[in-house]
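Number of protein chains: 4
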Amino acid sequence: MDKSRVAAFTDAVVAIILTIMVLEFKTPETFNWEGILEEGPYLFAYAVSFIYISVAWYNHHYMFALAPRITKRIFWINNSWLFSMSLVPVSTAWVGEFISERAPEYFYLIIFFIWSITYMWLTSGIIKTASEMGENEVSNRISAMPIYRFLRSIWGYLIYVVVAIAIYFYPPMGIIITLIELLFMAYYTTDDSDQVA
Amino acid sequence: MDKSRVAAFTDAVVAIILTIMVLEFKTPETFNWEGILEEGPYLFAYAVSFIYISVAWYNHHYMFALAPRITKRIFWINNSWLFSMSLVPVSTAWVGEFISERAPEYFYLIIFFIWSITYMWLTSGIIKTASEMGENEVSNRISAMPIYRFLRSIWGYLIYVVVAIAIYFYPPMGIIITLIELLFMAYYTTDDSDQVA
Amino acid sequence: MDKSRVAAFTDAVVAIILTIMVLEFKTPETFNWEGILEEGPYLFAYAVSFIYISVAWYNHHYMFALAPRITKRIFWINNSWLFSMSLVPVSTAWVGEFISERAPEYFYLIIFFIWSITYMWLTSGIIKTASEMGENEVSNRISAMPIYRFLRSIWGYLIYVVVAIAIYFYPPMGIIITLIELLFMAYYTTDDSDQVA
Amino acid sequence: MDKSRVAAFTDAVVAIILTIMVLEFKTPETFNWEGILEEGPYLFAYAVSFIYISVAWYNHHYMFALAPRITKRIFWINNSWLFSMSLVPVSTAWVGEFISERAPEYFYLIIFFIWSITYMWLTSGIIKTASEMGENEVSNRISAMPIYRFLRSIWGYLIYVVVAIAIYFYPPMGIIITLIELLFMAYYTTDDSDQVA
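Keeping their order, the protein sequence lines are chains A, B, C and D. No gaps in the numbering here: position 191 of the first sequence is 191 in UniProt numbering, and each next residue is one more. No gaps in the numbering here: position 21 of the second sequence is 21 in UniProt numbering, and each next residue is one more. No gaps in the numbering here: position 12 of the third sequence is 12 in UniProt numbering, and each next residue is one more. No gaps in the numbering here: position 65 of the fourth sequence is 65 in UniProt numbering, and each next residue is one more.
For reference, chain A alone in the conformation it holds in the complex (with noise of 0.2 Å):
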């Protein structure tokens, strides 16, 4: 397929995501600092969210950068992705809402949990056909992402285990920890990471 095209409709998707949360602020009913201030945790979970997302785009850029062909199957698992994604805004303003409560917080976690299945899939899909059309290079280098590396590895799991007994004993920890996970993420990458077009 055209590339570029799936590219920008992934990008289209993934800037209103990214933007619709802002619709969950609330314009405050007063005109005194009170009103703004009640909005302070849906502020820190959609900033949590904005990392989130930015992780997710950073890593997508490159995967597609170095992507010899996008077929039929990585355009589905592609939309899967997206699909898991457009649930986080939902996810977002649940936790935002009640940043002390059980429920979202698990729902928050889940949400993570499912994009981590289709971003791995992804990753997968297009490890895969790269190493059918002998790309052994850039099969290579995206099985080297270390974000693809973390989340199938036996960490990657042990941190669900861990944040949902956080959330069980202090609810808000689920965000925290997911927060410092980002941060990570964002951190780690290959060093050629921004040197692909």
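FYI, nobody ran anything at the bench for these hints, they're computed from the structure. Treat the hints loosely; a few may be bogus.
[What the hints assert, rightly or not] Computed list of lysine-lysine pairs in BS3-like fashion (alpha-carbon distance at most 30 Å, straight line):
#, chain 1, residue 1, chain 2, residue 2
1, B, K26, A, K3
2, D, K3, D, K72
3, B, K26, B, K72
4, D, K3, A, K128
5, D, K128, D, K26
6, B, K3, C, K26
7, A, K3, C, K128
8, A, K26, C, K72
9, C, K72, B, K3
10, C, K26, C, K128
11, D, K3, A, K72
12, A, K3, A, K72
13, C, K3, C, K72
14, A, K72, B, K26
15, D, K26, D, K72
[What the hints assert, rightly or not] Distance ranges between label pairs, derived from CB positions:
#, chain 1, residue 1, chain 2, residue 2, range
16, A, P68, B, S153, 34 to 40 Å
17, B, P68, C, L43, 30 to 36 Å
18, D, F150, A, V161, 49 to 55 Å
19, A, S100, B, A47, 29 to 35 Å
20, B, G156, D, K26, 40 to 46 Å
Model, not experiment: these values are computed from the prediction. Beta carbons: idealized from backbone N, C-alpha and C, even for Gly.
Position chains B, C and D against the provided structure of chain A, taking the given hints into account.
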């Protein structure tokens, strides 16, 4: 016209149609699981419409990649198609709210029907332009698209009758049969469907 | 400036203006047909505004394809034009809610009028730049656009008077005459209107 | 990174930020002129923010056209800048609702201030990368941008103090002085500001 600009404009509209459906998820007013589980029927309707628009986009990508020229006539048919598709969030929201009721299910079916008409119109418009320009290979390839052949066949019309009867006896069958139909449309494509750019 | 980036930014804004009008459809609170039929007047207003913005985009595509250069001046006029067009969803929502009332119909007309001013300003800005650069063929072709010639002719102004009087006696005539005017604008274009890229 | 993809993603986010502000116009519940005239203060706030984001985009276009390379660092600064700008619809909605109150006006000023910080950070990030790559002409041209020189000068900081005092005595002065500042920023640009692509 500038094919890439028309495609980019179309993509932006399609991406927004796809993503504004997320806004229909209401943030639960409670922090227990019941709050989010109430969104279940809408999640199902949203997933079906997401697949629907993905199928539509995939086939649009194919036709536009092959189309030798975007005439004023095709521009307007393309916009009619976008207009009919822009009503999908409306029918999805209604059916997601009342998944077991006849009127919303029939309404979803009607929008699907109108969309099919504009889709067939777009396809035949591109075929006609290609033929007039002597690009017979292009018109043959587009004419051979399974979705186009299905929609204009007797089966393409009969299925509306089947769905209409099914809705009468058990309303949720409307969206369920539509899902099955979409999965077939997603599956059956020509071999070269992802080999154009 | 980078013409394709300015055009892409414009397209994104236009696509969003077009599509957020869909958000004005309220999901019916009942599951019977009355629920959806109440949306009828808004559907009509939305369809008119959809054609309106499609006509606008079509002509913008033509002018930008020919424009030899996007200056800072044209950038700002283009943004004024986008600003005036961004008020169309507001006037459409109001007129769709009260299609038989004078104030919403006059308001729709006023927004249309302001939009026409910015549109003519954009056209003459591009013509002027082309002339200054010695691109007389470009300035002649853009000057010959029927929509531009109509809007700045005596008829282009007289029609506002006609519509204003018609609204006074029978408010829905406002949007009906606008629809007729738009269909003429969509129909009458120069022969080369879709032959630029 | 692929500069055009990063720019296209940025443009999509900026276009959405710009356009979702339209959603804040509430459809009047009455059909008389009072209904729409109540939107006056918000229309003013929206217009100011529209100019604001247009100025931002114009300068972003210039910097990205010159930037020799988009590094991971610039990607993240660019996203911080987008994040700060995504709060503009929130502050605009609040100030448009309570244009004569201190807290909303101060909040608008605070968002403007945070945005300025991320904007200066983005500019200096691009300058630094250009310098490191030996592209001294690029770093000189970007360093010479009037908006950048103003924001980091003593005047750029003093104006916040002036606005803060003005708001204390007459709140609407907050957004009025901001408008004047923006008009200056729109006016004063380098001569080559629209001659890059």
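Checklist entry - Of the numbered hints stated previously, which ones are contradicted by the structure, given in increasing order? => result 1, 3, 5, 6, 7, 8, 10, 14, 15
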